[in-house]
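Novice: Sequence:
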Amino acid sequence: MILLQCVQLSKSFGAERILSNVKLEVQSRERVALVGRNGAGKSTLLKIIAGDLSFDSGDLIIPKNVSIGYLAQDSGLNTDRSIWEEMNTVFVHLKQMEKQLRKLEEKMSNPNQSDYEKVLSDYDQLQQDFKDAGGYQYEADIRGILSGLNFAHFDYNTTVNTLSGGQKTRLALGKLLLSKPDLLILDEPTNHLDIETLTWLENYLSSYDGAILVVSHDRYFLDRIVNQVYELSFNETTKYPGNYSNYLEEKAKRLEIELKRFEKQQEEMKRLEDFVQRNIARASTTKRAQSRRKQLEKMTPLDRPIDDDHSAKFRFNINKQSGNDVLSIENLSVGFNGNTLFENINLKITRGESVALIGPNGIGKSTLIKAISKKLSPIAGQINYGSNVKIGYYDQEQTELTSNKTVLQELWDEYPQTPEKDIRTVLGNFLFSGDDVLKIVYDLSGGEKARLALAKLMMLNANLLILDEPTNHLDIDSKEVLESALIDYPGTLLFVSHDRYFVNRMATRVAELSSTKITDYLGDYDYYVTKKLEQEELKKLAEKKAAATRTASPEKQSSEGSAKHDYEREKELKKKERQRQRRIEELEVLIEKEETSIAQWEEDLCDPVIYQDHEKSLELNNNIEKSKANVDKWMEEWEQLQDE
1 MILLQCVQLS
11 KSFGAERILS
21 NVKLEVQSRE
31 RVALVGRNGA
41 GKSTLLKIIA
51 GDLSFDSGDL
61 IIPKNVSIGY
71 LAQDSGLNTD
81 RSIWEEMNTV
91 FVHLKQMEKQ
101 LRKLEEKMSN
111 PNQSDYEKVL
121 SDYDQLQQDF
131 KDAGGYQYEA
141 DIRGILSGLN
151 FAHFDYNTTV
161 NTLSGGQKTR
171 LALGKLLLSK
181 PDLLILDEPT
191 NHLDIETLTW
201 LENYLSSYDG
211 AILVVSHDRY
221 FLDRIVNQVY
231 ELSFNETTKY
241 PGNYSNYLEE
251 KAKRLEIELK
261 RFEKQQEEMK
271 RLEDFVQRNI
281 ARASTTKRAQ
291 SRRKQLEKMT
301 PLDRPIDDDH
311 SAKFRFNINK
321 QSGNDVLSIE
331 NLSVGFNGNT
341 LFENINLKIT
351 RGESVALIGP
361 NGIGKSTLIK
371 AISKKLSPIA
381 GQINYGSNVK
391 IGYYDQEQTE
401 LTSNKTVLQE
411 LWDEYPQTPE
421 KDIRTVLGNF
431 LFSGDDVLKI
441 VYDLSGGEKA
451 RLALAKLMML
461 NANLLILDEP
471 TNHLDIDSKE
481 VLESALIDYP
491 GTLLFVSHDR
501 YFVNRMATRV
511 AELSSTKITD
521 YLGDYDYYVT
531 KKLEQEELKK
541 LAEKKAAATR
551 TASPEKQSSE
561 GSAKHDYERE
571 KELKKKERQR
581 QRRIEELEVL
591 IEKEETSIAQ
601 WEEDLCDPVI
611 YQDHEKSLEL
621 NNNIEKSKAN
631 VDKWMEEWEQ
641 LQDE
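Just so we're aligned, residue 1 is where the sequence shown starts under UniProt numbering, counting upward by one.
Hints listed in this document are in silico derivations from the structure and should not be mistaken for laboratory results.
Glycine residues also receive a C-beta, built at the ideal position from the N, C-alpha and C atoms.
You may find that some hints are simply not true.
Unchecked claim - List time: in silico DSS-like cross-link candidates among lysine-lysine, alpha-carbon distance up to 30 angstroms: (1) 544 with 571; (2) 348 with 23; (3) 313 with 251; (4) 251 with 593; (5) 348 with 375; (6) 320 with 456; (7) 456 with 405; (8) 405 with 390; (9) 390 with 517; (10) 439 with 320; (11) 180 with 239; (12) 264 with 239; (13) 23 with 131; (14) 180 with 99; (15) 539 with 593.
Unchecked claim - Okay, the calculated beta carbon distance ranges per label pair: (16) 117 with 74: 53 to 63 angstroms; (17) 209 with 10: 30 to 40 angstroms; (18) 623 with 60: 46 to 56 angstroms; (19) 403 with 140: 42 to 52 angstroms.
Put together the whole structure using the sequences plus the hints.
Specialist: What follows is the structure, given as structure tokens:
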């Protein structure tokens, strides 16, 4: 069933056209993401669909029986009710039914009344309706939602208006989820959520009965939730099947095809124009030239495909490479205002590593990296730095920026020996052009401040980058540019981030911080999640075994010991099998990537310009030989793993 259709929808604010010819469709149980640059009109479109804004032209088709729930960006509840009372407002209709049931029960207490049979019949029907509508479980639903959104430790009698802005937003989301509309419209629902709450929300939405239309900068969230992506750009919408990662792949393929089609048409048009110019004046060929001219006039010129408005362009370099041992922390204790956040922490980082520091909110992640960056003195313990280590620190609060300076002064004052032209070039690469460089730092948006801080960090040329939530305030395109720059960075990384997609792309190691230790996981975020689940399963199993052992007879304990041995052996075999399968998949990706490169290089060698360039052709041949050797080595390993 189609729940929503936007047909040629357009919207302007004054003379500025925001949306034009928007086409969008949402069907039952679909999970649709709306993506696009900041300012592309995503939130405007959601407000139009929700009925909060009018539109200028086109059609918005929503069947009458379809209910819509809308969560605006950073919208919070504003009420003097308690948390529990506010959540209960969703179920007013059930409370009315409950009152009717109580009245009918009173009537049923008198079996001598004339309409007793009708009362019984009405009661049976109303009780069934009450049950079908969730009347016997709505309070459990409220508790489940509040617990999932991290309100389990709250007193439910707490007045909503006494909560923080983020907590009010989470409550608004919870209230919307309880209402269970046919179409759930969410604008940045992951704001103010920690990783644990995000995971709960993803699981909840994955099993949600209705359809979902969502705008989010959290790419990991989009990968887990959506099965359709609509891109809003250049006043049009383009539909892509699959999740966010599939969208990126399909978009790249589509752009490549469109560019080839454009270039082919340009070549054809140039060929026809040349033929007409050379032959139109010659009597023997004028008819053929006129035919080519008509052919040319019938062609509709294609526009050159444009990826999007330009993104920031930058890369991080280093002045000097550090030693192999970059950082060593021994028995470190850190805190402030008399409170110790953690103690006896140990951590080692070697050159070239990319370490993600994660842990629950409030555990002290930002405090630890401030201590490492020499912004905060530890209570006890040692922080040892390797030879030639130069630290670059990115602060999520942007406290390193001076609020009363202009953008140009902020960067130039840090590097006064650099010519103004070069400073302006750097700022231009971070999308500060023209009069933008004369803006006061205080007046910048969160995203602009983040880009300015990254510009300062880039010019430092440090070989150890310590980053605290570097993707905060950045749109998706800026995040991807930052990731590409950091992937090519030749130094060492230590970072804190709630952006799981970013952690997945960047981390070679995940370091989980607790109040007493750091636990290492040698992999990305997905590997960390898998290992944590395995640890929880083993812990539960050990608890069950221990409980059973305490009550078991000696003979039974002996039997259980054997069973435990068999189970552990089977567990180990399954673990090795998962590792084998994972390595097979990694090898297949590596082989495919290398074979693609080989094919491209061999195609390049067929180009006469390259073939006649001795140095270039020699370089390509060397690349091909190295890649073929890699493929042979990986194929041999792949075959061995397949045989196992």
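Novice: Please flag the earlier hints that this structure goes against, numbers listed from lowest up.
Specialist: 2, 10, 13, 15
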